[in-house]
Amino acid sequence: MILVQDNRCDLCGTCVAVCPVDAIEVREADISIIHDKCIDCDICIWVCPIDVLSSDQKVEVTNE
Amino acid sequence: MSDYDVIVVGGGPAGSTAAYEAASRGAKTIILEKDRDIGYPVRCGEAVSDAGLRQFLEPQPEWIAAHINKISMRSPDNTQIAFRSDAVGYVLHRRIFDYALANRASQVGAEVQTRAYVDGLIMEDDSVKGVEYQYMGEKRKLTAKLVIAADGVESRVGRMAGMRTATKLKDMESAYQATVGNIDVDQELIDFYIGTNWAPGGYLWVFPKGNGMANVGLGVLGSLAKNYPSAHDLVHSFLKEHYPDATMLTSVCGGVPIAHTLKHITGNGIMLTGDAARMVHPVSGGGIISGMVGGQIAGQVAVESVNAGDVSRKGLESYPKRWRKAEGKTHEAIHRISETIKTITDDELDAIAHKLKSVPEEDRSILKVFTTVAVKKPKILLDVTRVFTGF
Ligand SMILES: Cc1cc2nc3c(=O)[nH]c(=O)nc-3n(C[C@H](O)[C@H](O)[C@H](O)COP(=O)(O)OP(=O)(O)OC[C@H]3O[C@@H](n4cnc5c(N)ncnc54)[C@H](O)[C@@H]3O)c2cc1C
Ligand code: SF4
Ligand code: SF4
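Read top to bottom, the protein sequences are chains A and B. The letter at position 31 of the first sequence is residue 31 when you use the numbering used here, and the numbering goes up by one with no holes. Offset between the second sequence (1-based) and the numbering used here: plus 1000.
A couple of the hints might just be wrong.
Stated by the list, open to error - On the chain A side, residues computed to face chain B include the following (Cβ under 7 Å):
#1 Val16
#2 Ala17
#3 Val26
As the list claims (entries may be wrong) - Sample of chain B residues facing chain A (criterion: CB under 8 Å; computed from the structure):
#4 Pro1076
#5 Ser1106
#6 Gly1222
#7 Val1252
#8 Gly1254
FYI, nobody ran anything at the bench for these hints, they're computed from the structure. Built from N, CA and C at the ideal position, the CB exists for glycine as well.
Looking at chain A on its own, in the form it has when it is part of the complex (with noise of 0.2 Å):
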């Protein structure tokens, strides 16, 4: 699931322009992640230039 900072969106809509499946909304003064729509890509996260979203997936670590 896709988390965004509280109060730390600046509504730019960068996210949504690359999310595959319109999974995010940007109004004038919210965002909200539509959490049925995700597909846990994280391009979002990415590409969020001041970097207020992140993802509650466990990141798996893999003895190499």
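Given chain A, put chain B with the ligands in place with the hints provided.
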């Protein structure tokens, strides 16, 4: 009977230009803008060329923050190359400029509604017949013969009509900009910093904003962003190192789509324009003028199609054709060149800069740059030739 002939979603340069064209040709037109203000927040470096602006209107002193007559580029090791430039330009006050564009549209009859967030489309027989929007928490509907989606990089209106508009990470710049005070920069020069150390897969810009102020920003290519600090962090470390006395007046982030225009920019009863159609110049990232060019054509075709009684995708087909002729075709070629540009390494950039440094300033031209780059990347010559010959 529809409430309007044309509904324009988004009150940026593309939307206001489209609305102006439609309304001035007699179409009953309204702009719906989600924000409280037209033109604010300003997510933009605000640089435009004089020639670009003059295609539409006479530059007015109240929108102009700085007059530009010089360009320079810096390589990764900070070698600065200044260019001879006949092209003059401006750094705008977009907040005032965007107001002026929306006002121009309203003076020829377009209505403007702010705080109106479009969150759905009225569809009938596979065709767009209007929009649903929220005005201060209240749900409203308006019908129209045609909807022009000029809703910027964050565009969702096209998707609501089933169009594919998502941009790939490799075609998106993740950008951040600070407008700073107390900065000692040449107020007639726009300065670009190119290289991975400044802005991985993008560039850093310092654009003067008048009276000792400047827009300092950068874009990081989306597909590289995972491996580097965020655009925010890179701008702040740049300022700390190079302009430690600068003060933060505003900061914004934003996305710059550097793809070429979407394959489909029309559907039944709908047209996409500006950033929503990905009309930004794929190398410079400039989208003010190209958005206005797109908006202008969209507004004209809108009226022609409404008057002809055919707003189907077929009825709107002159829009993508005219856009492609005006700029789209060039953007496709430039987008291809940009793929080659992205393969130039930092060492090669420094070598190119050192080479150009030895050329007298009055002989440095864009052509000289290309020929110097071509020594390192011969493929670029082929690509550039294609741009000028129209492949
Ligand atoms: C950091 C940065 C720097 C840039 N620097 C430059 C530069 O120096 N020069 C240049 O030429 N270009 C620059 N650009 C690009 C330029 O800002 C854009 O290309 C330009 O603003 C596009 O105009 P537009 O009208 O298509 O979209 P916008 O100006 O983005 O306008 C779209 C409008 O639609 C509204 N909207 C969105 N969704 C909805 C909805 N659902 N309902 C109602 N309204 C909605 C938005 O609030 C917005 O006001 C820069 C971009 C960024 C991010
Ligand atoms: S993780 Fe992927 S699908 Fe989910 S909101 Fe982000 S971009 Fe969209
Ligand atoms: S990219 Fe980041 S700042 Fe911009 S709207 Fe998305 S979460 Fe907010």
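Right, here's what the structure says about each hint:
This hint holds: Val16(A) has a C-beta 4 Å from the nearest C-beta of chain B, less than the 7 Å allowed. A least Cβ separation of about 5 Å between Ala17(A) and chain B falls short of the 7 Å threshold, and the interface hint therefore holds. At a threshold of 7 Å, the smallest CB-CB gap from Val26(A) to chain B is about 6 Å, leaving the interface hint in force. The beta carbon of Pro1076(B) is not positioned within 8 Å of any beta carbon in chain A (closest approach about 21 Å), and the interface hint is therefore violated.
At a threshold of 8 Å, the smallest CB-CB gap from Ser1106(B) to chain A is about 21 Å, leaving the interface hint violated. With a least beta-carbon distance of about 5 Å to chain A, the hint placing Gly1222(B) at the interface is held under the 8 Å criterion. The beta carbon of Val1252(B) is positioned within 8 Å of a beta carbon in chain A (closest approach about 6 Å), and the interface hint is therefore held. Hint status for Gly1254(B) relative to chain A: holds, with the closest Cβ pair at about 5 Å, below 8 Å.
In summary, the numbered hints that this structure violates are 4 and 5.
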